[in-house]
Structure formats: C-alpha cells, structure tokens
Amino acid sequence: MAGEIFRLIRTPVIAFIGGFLVVGGWIWAPKISNLVQGLFSGGPSVSMFADTNRIGRPETAPVVRSCIFKVMDLGPDAKMEPSAAYFVLKAGSMQAKVSAMLGKSDRWSESQTLNLANTWGELASCIYALDDRELCDPDNRAAAVEATTKFFAYAKQTGASAGKPAISASDARVIENVSDRLLLMLKNHRRYGTLVGADFGSFAPAEIMQVMRSEQATRDICKR
Amino acid sequence: MNFLVRVAFVLGGIFLGVNLINYFVLGHSGDYLPAGERMGEWREAKIRAACYPALEQPERDGQLPKLSTDKHRVDWRDLDRAKEMTAALNCYLVTHPNAICERNNRAYIIDYINRYFAKFDEMMNTAKRYGESEMSTVRDLWDSPRNRAINAALMMDTGNGRLIKADFGWTVPAAMKPMFDRYNGTSDNCPRA
Chain P
1 MAGEIFRLIR TPVIAFIGGF LVVGGWIWAP KISNLVQGLF SGGPSVSMFA
51 DTNRIGRPET APVVRSCIFK VMDLGPDAKM EPSAAYFVLK AGSMQAKVSA
101 MLGKSDRWSE SQTLNLANTW GELASCIYAL DDRELCDPDN RAAAVEATTK
151 FFAYAKQTGA SAGKPAISAS DARVIENVSD RLLLMLKNHR RYGTLVGADF
201 GSFAPAEIMQ VMRSEQATRD ICKR
Chain Z
1 MNFLVRVAFV LGGIFLGVNL INYFVLGHSG DYLPAGERMG EWREAKIRAA
51 CYPALEQPER DGQLPKLSTD KHRVDWRDLD RAKEMTAALN CYLVTHPNAI
101 CERNNRAYII DYINRYFAKF DEMMNTAKRY GESEMSTVRD LWDSPRNRAI
151 NAALMMDTGN GRLIKADFGW TVPAAMKPMF DRYNGTSDNC PRA
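First to last, the sequence lines map onto chains P and Z.
Here the first sequence is numbered in the working numbering, starting from 1 and rising by one per residue.
Here the second sequence is numbered in the working numbering, starting from 1 and rising by one per residue.
Hint data in this document are derived by calculation from the structure and do not stem from the laboratory.
Remember, it's a predicted structure, so these values are computed and weren't measured experimentally.
The C-beta atom is built at its ideal place from N, Cα and C for all residues, glycine as well.
It is possible that some hints are incorrect.
Pulled a few chain P residues facing chain Z out of the computed Cβ check, cut under 10 Å [stated by the list, open to error]:
#: 1; residue: Gly56
#: 2; residue: Arg57
#: 3; residue: Glu59
#: 4; residue: Thr60
#: 5; residue: Pro62
#: 6; residue: Arg65
#: 7; residue: Glu81
#: 8; residue: Gln216
Using the sequences and the accompanying hints, generate a full structural model.
Structural data, given as structure tokens:
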C-alpha cells in the first residue's frame, strides 16, 4: 500500500520540482544570486554549517557580557541585559544590510557602515583580549566568530566605497589597524586550536579563510 | 477511481498543510484542544482583554520572575517572555479565579497553561547544556512569588474540578500530571448561573 502511494505521488512531485527548477531557475536565478550575496555581505550570524558543539549562542556568551557595554554606549540610564544590547547591535547591522541590498549609498549609510565596522572590530578586539581559553566555550567562540566576520565584512564595504568621497584616510588607517590586530589574533587562535576554518562557514571573508588555511593547529589549549 | 484517489491526495495534502501552518506557524494551538461542553472558543475569551493591563508594565511588578545572578546564559527574549507569561497567567488564574469557569475562557486559559509550561521546559532544555548551575538559575527564575501563586491556583483548580485532565487532551503538561493523579474524579465546583 505504501509503495503504491509513493509511486502515485512520485511522478507529479518530480515533474513539479523539475518544472519549478527549470522555469524558476531561468527566471529568478540572477535575483536569487544577488539576494544570497546581499544577505551574506554583512557576514552570516554564525555559520549554518558549523558544528553545534563548537558554535553556540553568541548573544548569551559571557565574553559578550564582559565586552558589549565597553563598545556600545547606551547612555547612563539604560538598564539592559547584555544579550539585549547585542541584539541592538545586530539589528543595526541588519538595517545597514537592507540598505546595502537596496543599493542605497548616501553619506548616512556609509558612515553607518564605518561605525558598524568599528563597533564589531572593537567587540572582537575586546573578546580576543580576554583569556585565550575563553574561546573554548561554544557561546564565546560563536561571539568571536560573529564579531570577527562582521568586522571584516563591513571593513570590506567601507573599502569598496573608498573610491567615492566617503571614508577618510584616518578612518581607513583605524580600520586597517584593527584588521591587522584581528588577523594576528586569528592566527594565534588557529594555532591554539580554539578556532578552525569550519567555525566561520563557507561564506566567511577571504582574509579569515586565508589565515585558517595557511595556519596549522600546533596544540589544543581546550584539552585539559 | 484513479482520479478520485488523486483528488483525495491533493485535498489531504492541503488539509494537512493548512493545519500544520495553523499549529506551528500561526501558533493557534488552542484550535486543537478537545471539544465538548466544558470547552468553548478560545478566540472569544473575554479574560484575554481583561488582563491586558497586567501586561502593560511588567517591570513595575517586583514579584514577577527575575534573575538571581548576573552569571547566566538566559537570552533577554526568554526572560521577557517568562515575565510576560507569568504576569498573564497570574491574572487569568489568581486575579480572576472564577474566569476559568466560563467555557471560552477555559479553552484560552488551558492553551495558555500549555504554553507556559512549554516555555519553562524549553528554557530548562537550553539550560541543560550549561550544567546544573544554569538549570538552577532557570528554576529560580520560574520560582517567583507570582509563579508560586500560579502553582497554588493550579493545584486549587484541579482540586475543585475546575480543571480536569480531559480538558488538556493529549497535551497534559508534565508538571500537572501529579495534580490530576491526586484529584482524579473531582467534580466541578464552578458557580452555576
């Protein structure tokens, strides 16, 4: 009976999927491609393909609790959970991402991109400045991965818009310094075994993947 | 015959799809509670609107759940939801103890009780990953004076037959099973109109 049911629905389902892929792919392929690129231009939250034992929830990471209010000034009266402040930062990133997808490129959106690059960069620097073993915790590792990925993605966007009269030389230098510092930290953590290429997923910025590929783990500081 | 089977498959697929979307996407789990003379239409429950003021400024209520420590892994959205659900259920069961006697209210409240315990279970499952100390933090969070009042009200409502096991159908929350086992067969003491 089950075999009959399967045979009965198999042909129409295959025909429908096949038809959809051919016709839909032909019509929508360029749009889908742009959408996927746009979605990941700000860096994925955390890799969808990462090992869940290695990558946890960045918003509840203890390192975010230690660092988020150092990089985000919400005013003296703002009483907020660190995970909520992290959410605010991510929501700002989402807004910038949507502006970028819509092709908006004015002074405001460019300065917002620069601010986001700086904020994610400061957050990543603060996380890496803590004890190296902190990144053995999956939530902390997820926060480090997300902050680093987002920094490089926004830094790239500011660089891309540098041809236009947007980012000043001093801003570019600041971004470059943070970038160099983070790459150095990434190299160290790659050697310590606290970060591996798979943690960053397939859509990670090229700078990160290059470090992950070129360096080798020399020890595992998470093993006790 | 072949044509009829195909039509039945298409209609069955549509029926199943619509119900899955209704339950999992729209979250209308109240539609799937057992029907009967005790249960009304959850959408028509007046208690829902009557309790809106209780949800307006939960931060002013010092008896709602709060975290006992700064070192926790509770997401702020879960924390807000725990407060909101506690404030609402406290209003449905404690502030308005007779609301559950009305059929529509009963359907809505039972659905809400299911959601309340499901949220607790979900937060405990997340906390399990972090060990006993995190589980204890979540347990403490859900043990505020309002949560204890809700538990007492649930105990009383099962004791006096205002809530019975059959009202929940196949979705009896684990925390309520001992109460139903204890008060099995108790008759309803709701005031008759």
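Now for the hints, and whether the structure bears them out:
no., hint, verdict
1, Gly56, "holds, 8 Å"
2, Arg57, "holds, 7 Å"
3, Glu59, "holds, 6 Å"
4, Thr60, "holds, 4 Å"
5, Pro62, "holds, 7 Å"
6, Arg65, "holds, 8 Å"
7, Glu81, "holds, 4 Å"
8, Gln216, "violated, 30 Å"
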